[in-house]
Each structure stands twice: as C-alpha cells, then as structure tokens.
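Protein chains: 2
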Amino acid sequence: MKLPLSIIATGKALPSERLLSSDLDARLGLQTGTVAKKSGIQWRYFASAEQTQSQLAAEALQDACQHHGIDTNSIDLLICASAIPEQVLPNTASAVIQAAGLKNGLAAFDVNASCISFMTALFQAAALLQTKVYRRIAIVSAEIASRGLNWDDAESSFIFGDGAAAVIVEAGDGIAACVAQRLEVHPVGRTFCQIKAGGTQRNPRMGLLETDHYFQMQGKPVFKLASQLLPAFIHNLFSDLPYTFHEVDWVVPHQASHLSMEHLKNRLGLDSQKIIDIYATHGNQVAASMPMALHELYRSGKTQSGQKVLLIGTAAGFAMGGMVLSL
Amino acid sequence: MKLPLSIIATGKALPSERLLSSDLDARLGLQTGTVAKKSGIQWRYFASAEQTQSQLAAEALQDACQHHGIDTNSIDLLICASAIPEQVLPNTASAVIQAAGLKNGLAAFDVNASCISFMTALFQAAALLQTKVYRRIAIVSAEIASRGLNWDDAESSFIFGDGAAAVIVEAGDGIAACVAQRLEVHPVGRTFCQIKAGGTQRNPRMGLLETDHYFQMQGKPVFKLASQLLPAFIHNLFSDLPYTFHEVDWVVPHQASHLSMEHLKNRLGLDSQKIIDIYATHGNQVAASMPMALHELYRSGKTQSGQKVLLIGTAAGFAMGGMVLSL
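For the record, the sequence lines run as chains S and V. Take the first sequence: its letters are residues 1 to 327, numbered as in my numbering. Take the second sequence: its letters are residues 1 to 327, numbered as in my numbering.
It is worth saying that the hints were derived from the structure and are not from the lab. Do not take every clue at face value.
Identical copies look the same in the list; a pair holds intra-copy or inter-copy alike.
Claimed, not checked - With a straight-line cut-off of 30 Å between C-alpha atoms, the simulated BS3-like cross-links for lysine-lysine are:
1. LYS2 with LYS132
2. LYS132 with LYS308
3. LYS265 with LYS196
4. LYS132 with LYS220
5. LYS274 with LYS302
6. LYS103 with LYS37
7. LYS103 with LYS302
8. LYS302 with LYS265
9. LYS308 with LYS274
10. LYS224 with LYS103
11. LYS196 with LYS103
12. LYS38 with LYS196
13. LYS220 with LYS103
Predicted, not measured: the structure shown is a model, and the values here were computed from it.
Given only the sequences and the hints, what does the whole structure look like? Please build it.
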C-alpha cells in the first residue's frame with residue numbers, strides 16, 4: 001500500500017491552567033513527589049470553566065494555519081477526531097466550524113475511535129484525498145478530560161490532561177505517503193476504560209448515577225491485554241514493509257501512561273531517542289495525545305524527507321491502531 | 001467522480017413495541033387522529049428497557065448477512081454511523097462487535113454526522129475500498145431516540161422512532177458506483193436541534209439539568225433554513241453529472257418530518273413514486289432512517305442495474321448531505 005499523504009501543517013492549543021503534580025500532593029495531603037512518582041507526570045493542563053472543546057480545537061487549527069501561512073478558507077473538509085464530544089448532538093465538528101470561523105457550508109464530520117481517533121481520521125483523510133473530492137483536509141482532536149475525572153480515583157485523576165492539536169494534510173507530490181495501517185478492536189476489554197453516561201444506556205429514563213459521568217479505568221487489565229496483543233499487532237502492521245519496527249526513524253505513540261511509554265522502550269526495545277515522549281509535561285490527553293506528539297515532532301524541525309514515522313496507540317474499546325508514514 | 005461501490009446486502013431491525021399515534025391520542029387525552037394529523041405518522045417502534053442500541057445494530061447486521069448468505073467473518077471493517085452513541089466512551093462500534101459476535105480484532109470505528117451519518121460513512125467506505133485495505137465493509141446505524149424524548153414537547157415526541165439498519169458494501173466489478181457526493185455544514189443552525197448533555201459542556205462539574213438529556217428541536221427554523229439552502233445544494237450535487245435531479249430513478253431521503261417529505265414532492269417537484277417514503281410507519285429514526293429506507297428499496301426487488309439512486313437529507317448541525325449512486 002502507498003497512499004499519498006503530505007502533512008502540510010500542525011498546530012496545538014493548551015489551556016492556560018497548569019496543574020503541577022506537586023501542587024496535587026499538597027492538595028491531597030500527600031508527601032511531595034507522591035503524585036509524580038505514581039503517575040510519571042510533572043504537570044498537565046486543565047481548561048477553565050469558560051473554555052470549550054471547540055474553542056481549543058479552533059486555537060489549534062489557527063496555530064497550524066498561522067504558522068504555515070494557510071488560509072482557513074482553503075480547507076475543504078474538517079474531521080473532528082476526539083474521543084469525547086462537546087455535546088451529544090449535533091457533532092463537535094459543527095461547533096468547531098463556528099469557533100474557528102471556518103467557511104459556512106464546509107464539509108465536516110466526527111470520527112470516534114476513542115484514544116486513536118486521530119490516526120483513524122488520518123487514514124480516512126488519505127483515502128478521501130485519493131477521490132479528489134477533497135484536496136486539503138484538517139483533522140483536529142480536542143479533549144477536556146478534566147471534566148470527567150473522578151477525584152476519588154487516583155489511577156485516572158493523576159494522569160489525564162486537556163488540550164487540542166490539529167494537522168492539515170494534502171495528497172502532495174506522491175512521495176510522502178501512508179505505507180501501512182492497522183486497526184483492531186477487541187471488545188473483551190470494552191469495559192476496562194469507559195464513561196457510562198452520554199448515550200442511550202444511562203440517562204434519566206434508564207437510570208443515571210453521578211459516577212456514570214466519570215471516566216472509569218482499570219489500568220492493569222488494559223496494560224496486560226495491550227502487552228499480550230502488541231507483538232502480533234506490530235508484526236502484522238509491518239508484514240508488507242521492507243523494513244522492521246526497529247528501523248523507523250520516529251515513533252509517535254499515544255501517551256497513555258508512564259507504564260505504556262516505558263513498555264515501548266524496555267519490552268519492545270525501541271531506542272528512546274526515537275520516541276516522542278511528551279507525557280511528563282502533558283499527561284494523557286486522550287485523543288489529542290497523538291496529534292500533539294506529532295506536532296511536537298514536526299515543530300522541532302528534526303524530520304527529514306524520506307524518514308519513516310510510526311504512529312501507534314491503544315484505546316478504550318479495547319482498540320489498537322498503527323500507521324507507518326514515509327515522509 | 002466514479003468510485004466503485006456495490007451494495008451487496010441490506011438488513012433492518014425494529015423493536016417489538018409499536019406505538020400507534022391513536023394510542024398516543026388516548027394517552028394524552030387528545031381527540032382521536034390529532035397526533036397522526038400533526039405528525040403524519042400512523043405508528044413507530046420503541047425499544048423496551050432491556051434492548052440496547054448495539055443489540056438492534058447486531059440484529060440488523062444479522063438480517064443483512066442471513067438474507068444474503070454472507071458469513072459475518074468475511075466483514076473486515078465495521079462503521080457505526082449513529083447520531084447518538086450507546087455510551088460516551090468507548091465508541092458504539094466496539095459494543096456492536098460484541099453484540100453481533102463479529103470477529104475479535106475487527107477494524108471498527110464510529111462516524112457521526114448526526115442524521116446523515118449513514119451517507120457520510122457510505123462515502124468513506126467507497127474511498128476506503130479503493131485502498132484495498134478493506135474489501136467488505138459493513139455500515140450500521142442504530143438509534144433509540146425514545147430515550148431522549150421530552151414528552152412535554154409535542155413537536156419532537158410525536159415523530160421520533162427507534163430502529164436499526166445495516167448495509168454491506170464492496171468495490172464490486174466497477175459498474176455500480178458512487179458518482180456524486182456533497183456534504184455541507186452550516187453552523188448558523190447548530191442549536192436548532194440538539195441534546196446538550198453527554199459531553200464536556202453539560203455534566204455534573206459544569207452544571208446539568210434533566211432537560212439537557214432530552215432532544216430539543218425548533219422545527220420551523222430548520223425547515224426554513226433547509227428550504228433556503230436545498231436548491232443550490234442540489235444544483236451543486238448534480239453539477240458534474242450528465243442528468244438532472246429529476247432524472248434519477250429513486251430518491252432515498254432522510255425521513256425527517258411530514259413537512260420535509262412533502263417538500264420533496266411539492267416544492268422540489270419530484271415524482272412521488274420515486275420517493276422511498278417509510279415515514280408514516282417508522283417516524284424519524286434519526287441516522288437509521290436513511291439506511292432503513294434504502295433497505296426497503298433494495299428488499300422490494302424493484303432496483304435494476306444501471307438505475308440512479310439519490311440519497312439526500314438534512315441533519316442537526318445544521319448539515320445537508322447528498323449522494324448519487326449508479327447501480
């Protein structure tokens with residue numbers, strides 16, 4: 001497979017409030033360093049009550065456009081790739097068009113593959129660019145995880161952060177391409193990470209608890225399932241490529257947890273210098289983590305034409321996604 | 001544009017409870033015929049408290065597979081195209097894999113363009129089939145609108161119904177194709193139809209009212225906006241085709257309302273025999289309406305190779321979508 005795909009711009013937005021893990025120690029009456037040690041996080045960003053997901057998405061899009069001199073009117077498809085919506089109906093895409101001042105009548109929709117929504121949308125964008133119906137596609141992932149955190153649950157409340165990242169793509173000259181893609185959903189892990197409310201199963205008519213609105217996570221079973229499935233998944237992702245997992249130049253993982261980042265280095269044996277690791281200063285930003293890390297790689301100026309980039313992540317569902325880009 | 005696209009199977013599922021508009025008259029103390037006259041509906045279907053969206057989706061998928069002799073294991077991508085999810089995290093696709101007993105590790109994600117999610121997913125499927133990464137794609141739309149109805153609001157509570165429909169597609173031999181597609185989002189109408197809860201804006205942390213869980217609709221502004229925008233939209237949809245809107249063989253509209261169905265016949269001047277109208281016996285089934293109507297067309301046995309089918313609909317957002325298929 002070789003689907004032409006050129007990343008022409010990236011951008012990000014972080015809310016102004018920065019929560020230090022050491023501040024959280026003080027707030028919870030813990031010994032200084034406890035939260036950082038447990039979570040692997042120094043700080044993460046939290047949205048204020050006035051900020052909306054669509055505003056964060058708009059800021060990330062504007063950052064991408066301004067930094068790369070792109071007229072927002074030249075975008076002809078917007079894909080919102082967040083795990084959690086701003087409201088259940090209509091989709092978040094319509095709110096982002098409004099917040100970002102994009103043109104009326106723009107084609108837009110939401111894609112949801114929980115934490116790997118960005119990668120899923122990026123592959124759709126590559127396929128849609130081939131139809132020539134759309135020539136310039138913006139993908140934006142925006143999350144305000146802080147509004148679904150249960151502060152009685154250390155495991156999740158210590159690690160999630162807010163933010164948004166945007167990526168703009170075109171077919172390009174055919175040299176840069178998506179050369180491999182894989183998406184797997186294993187429902188055996190469907191209840192390991194969930195928010196029960198927000199749909200047809202938990203609501204005033206069916207019964208609804210306050211905790212149904214909160215993110216619930218069983219980190220250990222997720223990690224165990226991911227560890228079991230990842231070797232075969234990676235093998236299959238690279239099966240048609242003339243190089244191995246270890247020969248890629250950059251690895252852009254979903255920033256799931258301290259353990260998951262360490263796993264890539266220690267168990268899978270990846271050179272840590274290749275791994276874009278923004279976890280300690282951002283936390284897990286749900287679907288915004290991967291495009292945020294990709295943005296940091298691009299903005300660093302370290303990428304070169306011909307390099308190979310691996311996007312890889314696990315997600316609630318339980319889902320796994322991987323993509324190999326040739327720059 | 002000519003994207004190979006062959007519909008190889010369709011299926012549907014309706015919940016067992018049938019609500020007659022005349023029963024609703026009695027329940028609300030209205031003169032017999034009032035609800036039917038106001039809504040244009042004779043009956044619609046409501047899910048029981050035990051039924052889930054993913055079960056309905058699974059039944060529709062199984063109907064499609066059984067009727068057409070398709071092994072569910074031969075499906076290699078599942079797209080869930082509903083407006084409302086079963087729960088906010090993870091996506092509905094993972095629940096459908098489980099409910100339908102589809103294979104572990106199947107590729108799957110959700111697409112949300114509110115009431116025109118099915119059409120949006122169908123176009124993505126056509127584009128994804130071209131990559132040859134997926135060869136057989138199932139799209140399923142399942143809705144349990146009844147759980148979000150506010151019985152104090154006649155306008156919406158009189159018209160929405162539950163149900164699910166599934167469509168399975170392949171690239172085929174290249175004769176059957178998608179020959180036109182258009183999607184427009186006009187956020188000026190973003191608050192005309194909405195459910196405010198379920199996301200980051202209305203929740204226990206931000207404030208949440210019971211009514212935030214209910215579907216809120218302003219039918220007149222929606223209809224006015226749709227009427228204004230539709231002529232140009234249809235003109236643009238057909239601009240590259242060698243035939244006009246009036247020359248298609250079948251029209252499969254979103255079954256939005258009595259008024260919207262009448263509009264197609266009276267204002268836009270379509271021959272009513274071409275229009276698949278299941279509104280009076282199903283109501284507005286949100287995103288499931290369009291694949292349900294498409295299923296009824298296919299199951300009728302009336303379609304012939306070479307015929308032209310127009311899918312068209314409006315949606316919360318405010319969005320408009322259109323697609324022309326050549327069979």
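Structure-based check of all given hints:
no.: 1; hint: LYS2 with LYS132; in the structure: both (16 Å within a copy, 11 Å between copies)
no.: 2; hint: LYS132 with LYS308; in the structure: both (25 Å within a copy, 22 Å between copies)
no.: 3; hint: LYS265 with LYS196; in the structure: neither (33 Å within a copy, 42 Å between copies)
no.: 4; hint: LYS132 with LYS220; in the structure: neither (44 Å within a copy, 36 Å between copies)
no.: 5; hint: LYS274 with LYS302; in the structure: within (11 Å within a copy, 58 Å between copies)
no.: 6; hint: LYS103 with LYS37; in the structure: neither (46 Å within a copy, 39 Å between copies)
no.: 7; hint: LYS103 with LYS302; in the structure: neither (33 Å within a copy, 41 Å between copies)
no.: 8; hint: LYS302 with LYS265; in the structure: within (20 Å within a copy, 59 Å between copies)
no.: 9; hint: LYS308 with LYS274; in the structure: within (11 Å within a copy, 52 Å between copies)
no.: 10; hint: LYS224 with LYS103; in the structure: between (46 Å within a copy, 20 Å between copies)
no.: 11; hint: LYS196 with LYS103; in the structure: between (35 Å within a copy, 24 Å between copies)
no.: 12; hint: LYS38 with LYS196; in the structure: within (26 Å within a copy, 36 Å between copies)
no.: 13; hint: LYS220 with LYS103; in the structure: between (45 Å within a copy, 24 Å between copies)
Consistency with the previously given hints fails for numbers 3, 4, 6 and 7, ordered from lowest to highest.
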